[in-house]
Amino acid sequence: MPAILKENSAIKFRAVREARGDFPILSTQMNGRPLVFLDSAASSQKPQFVIDAIDKYYREQNANVHRGVYSLSQLATDLFEQSREKVRAFINGQYSREVIFVRGATEGINLVAQSYGRKFFKPGGTIILSQLEHHSNIVPWQMIAEEKGLEIKVIPINKEGELQLDTFEQMLSEKVQMVAVNHISNALGTVNPVKEIVEMAHRFDVPVLIDGAQATLHGSIDVQEIGADFYVFSGHKMFGPTGIGVLWGKEELLNKMPPWHGGGEMIKTVSFEKTTFNELPFKFEAGTPNICGSIGLGAAVDYFSQFDPKEVVAYEKELLAYCTSGLEEVGGIRFVGTAKNKTSVVSFLLEGTHPYDVGIILDKLGIAVRTGHHCTQPLMDHYGIPGTIRASMAMYNNKEDIDRLIEGVRRAKMMLG
Amino acid sequence: MPNINDIQNEIIEDFSLFDDWMEKYEYIIDMGKSLPLIDEKYKTDDYIIKGCQSKVWLKAEKEGDRVNFYADSDAVITKGIISMLIKVLSGQRPEEIANADLYFIEKIGLKEHLSPTRSNGLVSMIKQMKYYGLGMESKIVN
Chain V
1 MPAILKENSA
11 IKFRAVREAR
21 GDFPILSTQM
31 NGRPLVFLDS
41 AASSQKPQFV
51 IDAIDKYYRE
61 QNANVHRGVY
71 SLSQLATDLF
81 EQSREKVRAF
91 INGQYSREVI
101 FVRGATEGIN
111 LVAQSYGRKF
121 FKPGGTIILS
131 QLEHHSNIVP
141 WQMIAEEKGL
151 EIKVIPINKE
161 GELQLDTFEQ
171 MLSEKVQMVA
181 VNHISNALGT
191 VNPVKEIVEM
201 AHRFDVPVLI
211 DGAQATLHGS
221 IDVQEIGADF
231 YVFSGHKMFG
241 PTGIGVLWGK
251 EELLNKMPPW
261 HGGGEMIKTV
271 SFEKTTFNEL
281 PFKFEAGTPN
291 ICGSIGLGAA
301 VDYFSQFDPK
311 EVVAYEKELL
321 AYCTSGLEEV
331 GGIRFVGTAK
341 NKTSVVSFLL
351 EGTHPYDVGI
361 ILDKLGIAVR
371 TGHHCTQPLM
381 DHYGIPGTIR
391 ASMAMYNNKE
401 DIDRLIEGVR
411 RAKMMLG
Chain U
1 MPNINDIQNE
11 IIEDFSLFDD
21 WMEKYEYIID
31 MGKSLPLIDE
41 KYKTDDYIIK
51 GCQSKVWLKA
61 EKEGDRVNFY
71 ADSDAVITKG
81 IISMLIKVLS
91 GQRPEEIANA
101 DLYFIEKIGL
111 KEHLSPTRSN
121 GLVSMIKQMK
131 YYGLGMESKI
141 VN
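Chains as they are written, first to last, in the numbering used here: chain V, 1 to 417; chain U, 1 to 142.
None of these hints come from the bench; they were simulated from the model.
Some clues are possibly wrong.
Label pairs and their calculated CB-CB ranges [unchecked claim]:
| no. | chain 1 | residue 1 | chain 2 | residue 2 | range |
| --- | --- | --- | --- | --- | --- |
| 1 | U | T44 | V | S43 | 18 to 26 angstroms |
| 2 | U | D45 | V | P156 | 25 to 33 angstroms |
| 3 | V | E160 | U | T44 | 32 to 40 angstroms |
| 4 | V | F49 | U | S115 | 27 to 35 angstroms |
| 5 | U | K33 | V | Q377 | 23 to 31 angstroms |
| 6 | V | K122 | U | K127 | 41 to 49 angstroms |
| 7 | V | R334 | U | E23 | 25 to 33 angstroms |
| 8 | V | P378 | U | D30 | 34 to 42 angstroms |
| 9 | V | R118 | U | K62 | 15 to 23 angstroms |
| 10 | V | P378 | U | E112 | 26 to 34 angstroms |
| 11 | V | Q377 | U | N68 | 27 to 35 angstroms |
| 12 | U | L17 | V | G352 | 23 to 31 angstroms |
| 13 | U | L114 | V | G352 | 52 to 60 angstroms |
By construction, the Cβ of each residue, glycine as well, lies at the ideal position given by its N, Cα and C atoms.
Isolated chain U (complex conformation) (with noise of 0.2 angstroms):
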């Protein structure tokens, strides 16, 4: 399994072939369209991430000594970009989720999506994503 900086410069590097923004953002619906999508029973208020606009539903789960994320989004951007963060995280350690430096996301222009203005929840996802990982550490500890 590559490390979380590995993929991360894996992602800036496929994003520094594309010349425009439409290029960019078609790449990214293609990738939410594609993300495994969570199962069904799995999309309810337990697993609601509310943003303002747009919806996330998260869920983690550990194998072995490693943190596995499913999540889906109702908007199909935000879902390409959850689909990134994935990519990332998922499969990693809890304690290399709960420090990983996401600096993929402004490196590929995409810091916007991040701003809490937007609302469509990926701020508090990673804050969950994180908190999963913090807390999967804790319980490995016991």
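Next comes chain V alone, as it looks inside the complex (with noise of 0.2 angstroms):
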């Protein structure tokens, strides 16, 4: 259990369903129709609570961190370095230095492969990737492999979905250089067996990263306790704002690696003829850093541990199940991905139609769901469908919206058969 709860272990939690309450969108209308939010999976609603942070920071507390001896630029920088410890307690990590403010998972990911690849892979070798991956875990481990003459290889699923871990451990070798899998799939939800996968990468000195995007909805994670070497997370699918993330690394592999942006705060000293650079985390943190994002971040962590982890997750597995069985009394429904365990995430086809389709007649009812490709390309393939249509559920929605959901693919499915 991450330290931040720990040590509030006396404190009372707030009861889950209180949550919806507290997301103002979650009372507007779509197309005519209170709003039935089911697409969370792609960004996360505010709670007042963070909303209110961002509005007391610019009105209150906008100055420039880490530059400034004045009042205002020390309040700054304070709140900034106490998002940053907010994180590291969320998810567990040793150090708050190892905790690196980044654009989001994407950029993270994108850091680790420009900075550590670029310096420690070596021509020859493999990347190991998983068939679950969204495109962002796929596409900067490309571009290096490319540049640094490597190559990728796939762990493969089974039908439901699910990482194929014995395959896995026959294309662990030497030669392998990097593992980067997701925590949870963004598409079909699997949740991945992450401390099995680093257990075993470690057996050959393989790095890992996890790619947490999915994972930090459903609340808090130890980093620790997965032993990874690098994770990744957006705050914005965390009930957080856009354009703010975090790569955790540990700290001896950042030390290791060179910067990967250039600019002011990452340096120690700077002439034309040499410059020295700044200490973690300001080595990877070029330029004036997202100072607001940040706070709202800390604001999404302050915010979730208002609740017990331990009811979020039984109530999600709730909506889970109650999305689930609807579904399929409904009939003619496909479900896509089926693991043992997974979260909140419901992919599935309506026989004969197009999730395009669906998708539209969805939200012309007030149903924000996410129909597509869920930029899974090599998923959707692997599964020879175009797509699917996906409901992903926050703590925040209710059986409402579910039973609305139903009524809307029942709607549909009149409509389009």
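Build the complex from these two chains, which are given one at a time in their own frames, with help from the hints.
Here it is, written out as structure tokens:
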């Protein structure tokens, strides 16, 4: 359990069912109907608590960080660094200097590929990804693999959408130079056995990056327990603002990696002959950072801590079961991704229809779902489908949302059938 | 052959009869289902217009001084909108196709389908149809 919760174990958690009222957008309308938002895997909505923190920052606390001697700049710097510490606690990292603020999970992966990869990848080596990856955990590796002459190999999945670890074990060798897999699949909701994957890779001294973009919406995580070398995630997918995310890495590795972007803040001394670089985390944070975004992310972490993580998970599982059985009753539904361990994501197809058509009809009914390939084209190709309809739920959803979805799918079936 | 704007006005009039979005979409879906399919042999990468979500296949043929269009899509709502575009543009002269102002789409409340973010291939399809118009016009001049 992350330290933040251990320290506060005496505090009384709020009931998860109260969360919905904290999100102003959920009482708005779309196409003349009350909004049903079931696309949290793409981006979560924001609670008033986070919106207030952002508002307060620009009204009362705004100044550049790590520069001014005046009090306002000190205040902004303190808030910025407090957010880093909040994030450390949220993921149970060892040191806050291991928390690098980036734009999002995508930038975090690119940073590791470009910095670690440029320095340590050797021609003829292998990078292992999985069939479940989002394009953002494929393309950055392809770019560096092409540049440095490495080969990409893919951990296969079974028909339920679970990684085949026995095959992964056979793929591992001294030639492998990085393993990068997601914690939770964005398209299917599969929760991957990341701890086991890390243990297996570490037997060959292979570093592991975990793409946690889909994991942090469902509660705090423990990077030390997982044991990965790098863990990335995005603020906007966990009730925080867009444009802020985190790369967490083991200090020892981050210290060995060269800077990626150059600029202010990341330097110690600069002359035209030679520049010396700053220490962690600043070495990787060139230029004025997303101060407000970081503070918003810190507020999102604080918001999370108002709820019991166990209750959040239990509630989301209840919604998942309710949605799955409701769709089964509609008939003609093909579920894509039926892993035993999955999060509150239901990816499906309605027999004889295209996901796009269903998405259009649901939109008219005020229901926001994602349709298409979910930026996982290799995964869709694997199933031989153009895409799916994906309903993804967060703790602010309720059974009425699911009822509206089921009713909408029935309507789509009637209209398109 | 009625001209492009006569056909557009006729579609606008048809749509004015619908009370709500459901009737409108049911009509579009019906049109999508009845669109004469493009010959399967043309459903290849040579004729594909890839949207992020749905695919469109489009083929143009010249007949005298007119251009005929044949098209298909894997999504039926996209196909319904295509069938209207074909109704408007197919059988017209190349220069009229190239210069057509397709105002009917906005008038019948389907503008959202032409937003690039819908990723359904329709924007590219219209561009392609006009491009065919331009290309065939220049051929005629030659």
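> Which of the listed hints are not met by the structure?
Replying inline: When the structure is compared with the hints, numbers 1, 9 and 13 turn out to be violated.
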